[in-house]
Amino acid sequence: MEPVHIVQGTAVPLDRSDVDTDQIIPSDWLKRVERTGFDKGLFSEWRDDPNFVMNQEQYAGANILVAGPNFGTGSSREHAVWAIQQYGFAAVISPIFGPIFRNNCTKNGLVAVQVDHAVAEQIMAAVQHDPATELVIDVARKSLEVPSLDIDVVFELSDSVQHRFLNGLDDIGLTLQQGNAIDSFESTRPAFKPTTA
Amino acid sequence: MSNKPRTLSQKVWDDHVVTRQEGQPDLLYVDLHLVHEVTSPQAFDGLRQNGRSVRRPDLTIATEDHNVPTEDIDKPIADEVSAKQVDTLRNNTAEFGITNYPMGHVNQGIVHVIGPEQGLTQPGMTIVCGDSHTSTHGAFGALAFGIGTSEVEHVLATQTLLQPTQETMSITVDGELPKGSTAKDVVLAILAACDTGGGIGAIAEFRGPVIEALSMEGRMTVCNMSIEFGAKAGLIAPDDTTFEYLAGRPNAPTGADWDAAVAHWRTLKTDEGAVFDRQVVINGADITPHVTWGTNPGQVIKLADTVPSPDDFTDETAREAAARALDYMGLTAGTAMKDVAVDTVFIGSCTNSRIEDLRAAAAVAEGRTVANGMRTLVVPGSGLVKKQAEAEGLDKIFIEAGFDWREPGCSMCLAMNPDRLTEGERSASTSNRNFEGRQGRGGRTHLVSPAVAAATAIAGTFATPEDL
Ligand code: SF4
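Chains A and B, in that order, give the protein sequences.
Just so we're aligned, residue 1 is where the first sequence starts under our numbering, counting upward by one.
Just so we're aligned, residue 1 is where the second sequence starts under our numbering, counting upward by one.
What the hints contain is simulated information worked out from the structure, not anything from laboratory work.
Be careful, since some hints might not be right.
Stated by the list, open to error - Negatives, chain A to chain B, calculated, CB over 12 Å:
no., residue
1, P3
2, P50
3, I151
4, F155
5, N167
Said to hold, decoys possible - Subject to a maximum C-alpha distance of 25 Å in a straight line, what follows is the list of computed DSS-like cross-link-like pairs (lysine-lysine):
no., chain 1, residue 1, chain 2, residue 2
6, B, K179, B, K338
7, B, K75, B, K387
8, B, K269, B, K4
9, A, K193, B, K11
10, A, K40, B, K84
11, B, K4, A, K31
12, B, K302, B, K179
13, B, K302, B, K338
14, A, K31, B, K75
15, A, K193, B, K269
16, B, K269, B, K11
No residue lacks a Cβ here, since even glycine has one placed at the ideal position from N, Cα and C.
Excised from the complex, chain B in its bound form:
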């Protein structure tokens, strides 16, 4: 490599190039492959059909998350098609020698929660998964991105991926967040600035004082939603916060390996003088709590604002999209978001189901009661998060306040299990996608932070903790 200053993502990329040929995509080595039941069955079938094996089962880990129920998990899965998909994963992982954390296992959970928690996600790694929110792992300074099922098969067979190089993008969040704002509000504000397409063809690096001040949980929330503005991946330079989080985790290096690792990890930052292809700068002081009003994550406003009108958009495509979204969402332009009544609150998903998210929600719920008729689900991201939360007594706080305390999984993030919205039902959700029907056919999803979700559960209408 030349001595030209490089960005963080270029360094991690260059470190994994197996072969590079003019006019061809790079062949990149994959350090960790995460597998779940939904996007893998056809890939394992492909291996069998071609008589191929898994090259590195020891760099592969599987878990059951998308289909698993969050109640009665000691019973077989009632939905036969879901049950078959989960069984297929169990059979495939057994046949090919891959570790799987099944439903009910303490290490089971949402695939993007368990990687970091097990210390498998480390700085400078390449991490892929047949899931678009793989970008979550970028919080550790890893290059992590979602792939399709054909690519899952490719990684299983070869432990590599063919990837054309990407542009680089910096997203700097300056200054300091106002009190009461969270990492979720930061990424929703980034979406407001970049819209759904601003990151297409690029790898984003989040930087600046606001990002540096975030905990690892907060950084994961931000990186998680990189795909929502189209970025291939999103990452953050590792620092002491990262190393402290990793130290002592099950798969983190120890002894001399730890020292060697940290010495390497400290080099993983964008060089002085490196130039990004695209740059976005956001003022942290402007980031108050946010909420989505439409049917894609770029349709987002401040919670204190009113529902926009299609006429607010100059671009014709955006205007038509806004009109369609308002119709689907059953909202009228000019209504204060804080006057909009909510039916269901979902606290969970790979965006916001880690221990810190549950602590933030519990702090709001403590000593209060959820609004009359409100349906609430609190779904921890993993068995370990659940255990930790229970050790801290968070489950009791939720239950006393009237929240439903559930078993770990993806749950109402995408409604592949029994947790779903009904036609016209409106949710405040800490997940990452407000697409039409995402949480159940005809359901209306508004994306918010855990603190806003909890406050909304209590108020009955969109609210921040300060509003209570």
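Only chain A is shown next, with the shape it has when bound in the complex:
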């Protein structure tokens, strides 16, 4: 994972609730065995509509996605996170995220910014009104700033995830350093537990 410090830029307003991961990346795209090439699959069923917000010229080049509540519910597919990132988004803002999606974000360095409903709605309206609205997400401060709206709020990010984001650390490497603890836990595993061998 690449380190992430600051995400600064403009946003695309995806003004609907309950956008599940089946919408973010439809199942046909899950057949691929690669980790790249998912950008074209992002919202692919909606992108055929020329009026879909991501097709609107004024939002070209935006690197933040502002979504409605319950974003990323449903299937555990990490492809949803890959698609959003590979399309060019570095952060997603929503009042509430599907938990597996939110956790998958933390493994890939996609910043999931969960803010109050009222703040999210204010940002959504501002971005719809003025696509040039500038947003700044600072991982070190755990903050989201929208200078033109005088918004400067803190969002929740656990210290351990923050540490990994700032340093671009790989979870697996860190856990493997705990090999002794895992060995000793394993040695206490009851004999009646099954194996697949």
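Got chain A; can you put chain B with the ligand on it based on the hints?
For chain B with the ligand alone, kept in the frame of chain A given last:
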């Protein structure tokens, strides 16, 4: 651990903590890792890139389910991309020494059907899979949840997972179910009460007389849909029903191990005095057959009701979501659900493809004929379910009634194989998700129980067996 009363999920969690550090997520040991072709290829690639091995292939099991066709399975998979994904799983499991049940093997099936069936799913275990419906295994009093591909790689490499602690939630279903209602109706009623977000950040324990009276199959149906209201996992305290189901299964303990296991399993229940962070109570007597009308599983009503209007919702977000859903679903507010005509009936998926589900559907189908023009698919959850159903003659009942009897797999639950809805086609489906396009682009999915699905196939419009 202190002597503070604990809930069932806290006990199972505490039993698996490898390391706990202030301000860090717990490192939890994983007892069983289930793998399938869709969410694993990038994880195996990651291992190879970093020169890592699979720590415990003997606690890992794989099967092919999402992409497999349900017809002509003796031929190679026609869709090249699907075929490549299945081949990749075969190569990866061979390379890393993991047992895989391939298409056509009698033990092959939907990943959440085969774990319990093989006796690999047992009380008090931690079970993970790169699939959100892993919560199914909670029916045995296991802590089971879905993970993403990065976490699949983490478990393969370390047999552990980093997990922040969760809140606890109790969902009590009191009283007794009315005749004709099933476990699927129970969980749909729970969704009506909790909506799609009520469980976020929590592990749910289902309790109360209605839950206790359910068979293991029924309990799996309920736990399966825990993720649909956002819960991390859902589980049920193990009891004699659980032990009877497990006894004699291939991987269940035997002899002295069995006695030790049962003695431990009997301690796996919420202590008197333990307090849940959230509580929901539902009256079982109110749970008549349910059906979804919208595009998320929380948009659900009683089958006897009429399609709601956006104006029925006070919350603006819910109102907009309802209007969008009605438009997508091609439904008009005020229409009786029982007047809505259905094109396709799908009986299958990890929610409702076990032997009891097929028996319930066959009991309705027996001696009747499916409605004119109705497309029907009955897809058993595994090779063993199929075999059992055929031994009981259920396949014949279905075929005589005009249902299509298929090979096991996920099938039309998510349309990664050739079984899919076409634009505008309406289904009554025993699966767990009615998202836009879930069963094929433009398809309109209504979630129901196996009994309602079978009755609907015969009536042509949404119906319960009593309506026939
Ligand atoms: S049956 Fe459906 S929900 Fe279950 S594992 Fe397969 S695709 Fe997922």
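Going down the list of hints, with the structure as the test:
Distance check on P3/A: its Cβ is at least 17 Å (rounded) from any Cβ of chain B, clearing the 12 Å threshold; non-interface status holds. For P50/A, the requirement that its beta carbon stay farther than 12 Å from each beta carbon of chain B is met, with the minimum near 18 Å. Residue-level check passed: I151/A sits 21 Å from the nearest beta carbon of chain B, beyond 12 Å. For F155/A, the condition that its CB be more than 12 Å from all CB atoms of chain B holds, with the nearest at approximately 15 Å.
Every CB of chain B is more than 12 Å from the CB of N167/A (nearest about 15 Å), matching its label as outside the interface. Our distance criterion of 25 Å between C-alpha atoms is met by K179/B and K338/B, whose separation comes to about 19 Å. This hinted pair checks out: K75/B and K387/B have alpha carbons roughly 20 Å apart, not beyond 25 Å. Restraint check: the Cα-Cα separation between K269/B and K4/B comes to about 14 Å, which is no more than 25 Å; the hinted pair holds.
Among the hinted pairs, K193/A with K11/B is consistent with the structure: their alpha-carbon atoms are about 17 Å apart, no more than 25 Å. At roughly 20 Å between alpha-carbon atoms, K40/A and K84/B fall within 25 Å of each other, so this suggested pair holds. A hinted pair counts as satisfied when its Cα atoms are at most 25 Å apart, and K4/B with K31/A does not qualify at roughly 47 Å. At roughly 15 Å between alpha-carbon atoms, K302/B and K179/B fall within 25 Å of each other, so this suggested pair holds.
As the CA atoms of K302/B and K338/B are separated by approximately 10 Å, the hinted pair is consistent with the 25 Å bound. For the suggested pair K31/A and K75/B, the alpha carbons sit about 19 Å apart, so the restraint of at most 25 Å is met. Of the pairs offered as hints, the one joining K193/A and K269/B holds, with about 19 Å between alpha carbons and a cut-off of 25 Å not exceeded. Between K269/B and K11/B, the direct Cα distance comes to roughly 8 Å. Compliance with the 25 Å bound is thereby established for this hinted pair.
Of the numbered hints given earlier, the model fails hint 11 alone.
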